[in-house]
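K.L.:
Chains A and B, in that order, give the protein sequences.
Read left to right, the first sequence gives residues 1 to 243 (the working numbering).
Read left to right, the second sequence gives residues 1 to 429 (the working numbering).
Just so you know, not all the hints are guaranteed correct.
Some chain A residues flagged as far from chain B (calculated, every beta-carbon gap over 12 Å) [as the list claims (entries may be wrong)]:
#, residue
1, Ala-83
2, Glu-86
3, Asn-104
4, Gly-140
5, Asn-187
For each label pair, taking beta carbons as the anchor points, the in silico distance ranges come out as [said to hold, decoys possible]:
#, chain 1, residue 1, chain 2, residue 2, range
6, A, Ser-136, B, Asn-184, 20 to 30 Å
7, A, Glu-94, B, Ile-411, 32 to 42 Å
8, B, Pro-254, A, Gly-194, 34 to 44 Å
9, B, Lys-422, A, Lys-87, 48 to 58 Å
10, A, Lys-154, B, Asn-193, 37 to 47 Å
11, A, Glu-193, B, Gly-284, 23 to 33 Å
No lab work stands behind these hints, which were simulated from the structure alone.
Given the structure is predicted, the values throughout are model-derived calculations rather than measurements.
We treat Cβ as the ideally placed atom computed from N, Cα and C, and that holds for glycine.
What follows is each chain in one-letter form.
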Amino acid sequence: MKKNILIGICSALVIGAIWMKRDAPAKNAPVAMEDRAPASNKTKSKMKRRKYTPITRSMKPTQLQMAGQTTPARGLANSTEKATLEKMANIVQEFTRPNANLDNLVSILERNGQQPQRLVDKNPYTGELAIIRTNSPLPGTRYFHAQHFSDAGKNGIVQHVSFEVQSSPTAMAESVLAMQDTFKLTNPVVAREGYVKWNLDNHKILWIKKLTSEDLQLNPFNAYTQEDVGTIRIAIEEEIHEG
Amino acid sequence: MKITKALLLSLLLTAIQPAAQAAESMNYVWNDMTGVQPVQGCNVSNSKQSLPDVFNKYIDQVVEIIDAPTMTHASNETADLRGSYLQIATKDGLPQVMNCAGLAQTFVVFDVYSASESNNFWQIGLSAADLEIFHHSQVLAPEQIEEVYHSATPAPIQEKAVATSTTEQVYCLPSSQNNVYAANLSSVLFKINAHEVVQPVQSFDGSHQKNKTINGKPVAFIKILVPRLKAGQNIGWVAKHLVKTSSTCATYKPTIPTTPTPAPTAPKWTFPTIKRATTSYKSGMRAFKASRGGGKRWHAACDIYRVKDESAVSVHNGTVVRGLYFFYEGTYALEVRHSDGKIARYGELTSKVATGVKQGAAVKTNQVLGYIGKVNSGCCQPMLHFELYSGKATGSLTQSGNKFSRRSDLIDPSSYLTDWEKAKFGVAY
């Protein structure tokens with residue numbers, strides 16, 4: 001009898017440990033800069049320590065809330081939002097494929113009825129930058145923007161592609177889930193309130209940010225008012241830094 | 001993350017000290033990123049006319065404060081400006097001035113880059129009565145601060161025209177007074193100039209476009225924002241067909257800012273930040289060719305760690321061949337072809353456009369090109385990501401085919417930066 005109780009306790013401990021490990025940050029989870037770098041006393045006193053909580057595909061609602069996201073409601077009201085996000089996630093995924101052809105990418109947007117506009121900026125010294133924007137974004141999204149650098153004899157590189165999602169209590173969480181599903185993402189390299197970032201293949205990164213007042217200032221491409229605070233931007237870019 | 005002028009100024013208004021002055025009798029205001037209590041009765045505007053004449057000589061200059069009395073704020077906090085750099089704050093290319101109810105003097109808003117702490121950018125308002133602060137200072141005009149960098153005489157280069165930005169959108173009518181309408185498409189909200197730069201506003205529900213029947217024909221209207229105008233009074237409706245990119249607007253004639261022809265001296269080069277990097281740009285992850293992606297990729301630049309919103313300056317005379325574009329995690333980049341043919345990409349800047357810097361504009365050594373930004377992830381300190389190319393290749397700077405993902409004429413900027421750093425600051429990493 002005592003032996004059975006002991007086995008039971010041990011089993012519970014092992015299962016518990018496995019469960020806790022599943023939820024724990026990955027070994028390579030990021031450490032806040034403040035945790036790494038020494039700072040002067042005066043600077044330290046001004047700093048707010050930030051908590052990085054990785055979001056995982058297996059995350060439960062409570063964990064999403066801990067990471068600063070609101071649990072997405074899966075009701076009828078959000079079905080359009082979800083479908084739009086999935087569609088946009090698939091479109092931006094096409095833009096990030098190696099050797100993606102620019103004409104084909106533009107035609108994807110045309111087929112979706114988004115009325116893409118191709119603006120070409122060309123000079124003799126640094127070549128051609130094509131900027132693709134859409135005039136008729138899908139409902140709930142806006143400011144699609146892709147930057148494609150030409151590469152003589154090749155298909156070029158989509159260096160940046162982004163779009164925005166309308167602010168709502170569930171927008172951040174829905175955006176995270178849509179990107180996780182489409183890109184088969186696991187642990188992000190950064191996850192904190194209002195910001196999540198993953199490394200993708202092909203030296204690219206994907207980030208999702210809840211835009212703050214600061215983010216809206218002086219944007220050379222997009223027009224904003226203060227009412228746009230809280231808008232979600234989803235972007236994929238060529239990687240520059242790690243972490 | 002970028003703290004823009006507008007935000008800073010709104011914070012600045014929280015720190016005004018219009019009442020009795022400190023013992024030094026300096027009429028000043030100050031603020032740091034932490035913000036303090038609001039004070040009513042002051043307004044900030046951007047106007048060259050309102051700038052007191054005595055401040056004219058500081059326009060577009062960076063001033064190093066060598067010595068100055070410690071100033072005491074009403075809240076008993078002190079500001080020691082010694083060793084700091086001051087630069088007149090601007091918006092839309094115009095100096096920012098502030099007037100407070102009950103005070104006769106006009107305050108000029110200065111950006112302050114503190115030398116004593118890293119990552120500490122703030123602003124101060126100074127009146128003509130405060131000029132004492134400049135008694136022991138040095139105006140860092142390019143001719144005064146840069147040392148001659150003796151480079152090999154470059155081969156003559158055939159100059160080719162650089163178009164102005166073809167992505168910029170303008171209101172394409174030569175008329176000097178154009179109506180911008182309210183949402184009813186009938187009432188006039190405000191006027192805009194011929195070829196005024198505008199930004200189409202997009203809504204999430206398609207409500208940024210609507211039609212109106214004029215003379216029996218439907219005319220599409222779109223919502224626009226006019227960046228030149230004050231927030232809250234800069235959005236309205238115009239006919240869609242009148243908003244075009246500058247390159248497709250037949251009546252648009254670009255005005256490209258030019259700088260005076262430099263004196264016929266030896267080519268001068270300088271370090272691209274106004275103070276030394278806080279950490280070596282030749283070691284660790286900041287170095288050129290530092291490993292990325294587990295060794296699959298190499299770093300194409302030297303990362304010069306500095307202070308957010310601090311000026312990044314041109315290393316040499318040249319022409320802006322590509323204006324600000326999205327670069328990385330909320331930061332921007334621009335490209336300059338320098339007059340010996342080298343090309344530099346100045347990356348991880350904020351979105352704030354420096355005075356006189358636009359595509360096609362001539363820039364001179366040490367001219368402010370932009371402002372140092374910080375990436376969203378907070379992975380690193382604010383920095384200038386500096387890439388250098390010999391100019392012997394053509395095409396986009398970002399390309400596939402090598403571990404840098406860059407054009408084949410990418411060069412290691414480390415030794416150049418070392419020389420420029422020694423010349424500018426007397427020491428180098």
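K.L.:
Does each hint fit the structure? Answer for all of them.
P.N.:
Hints and how they fare:
| no. | hint | verdict |
| --- | --- | --- |
| 1 | Ala-83 | 15 Å, holds |
| 2 | Glu-86 | 17 Å, holds |
| 3 | Asn-104 | 17 Å, holds |
| 4 | Gly-140 | 5 Å, violated |
| 5 | Asn-187 | 14 Å, holds |
| 6 | A/Ser-136 x B/Asn-184: 20 to 30 Å | 23 Å, holds |
| 7 | A/Glu-94 x B/Ile-411: 32 to 42 Å | 34 Å, holds |
| 8 | B/Pro-254 x A/Gly-194: 34 to 44 Å | 39 Å, holds |
| 9 | B/Lys-422 x A/Lys-87: 48 to 58 Å | 55 Å, holds |
| 10 | A/Lys-154 x B/Asn-193: 37 to 47 Å | 42 Å, holds |
| 11 | A/Glu-193 x B/Gly-284: 23 to 33 Å | 29 Å, holds |
The structure fails to meet hint 4 from the earlier list, while all remaining hints are met.
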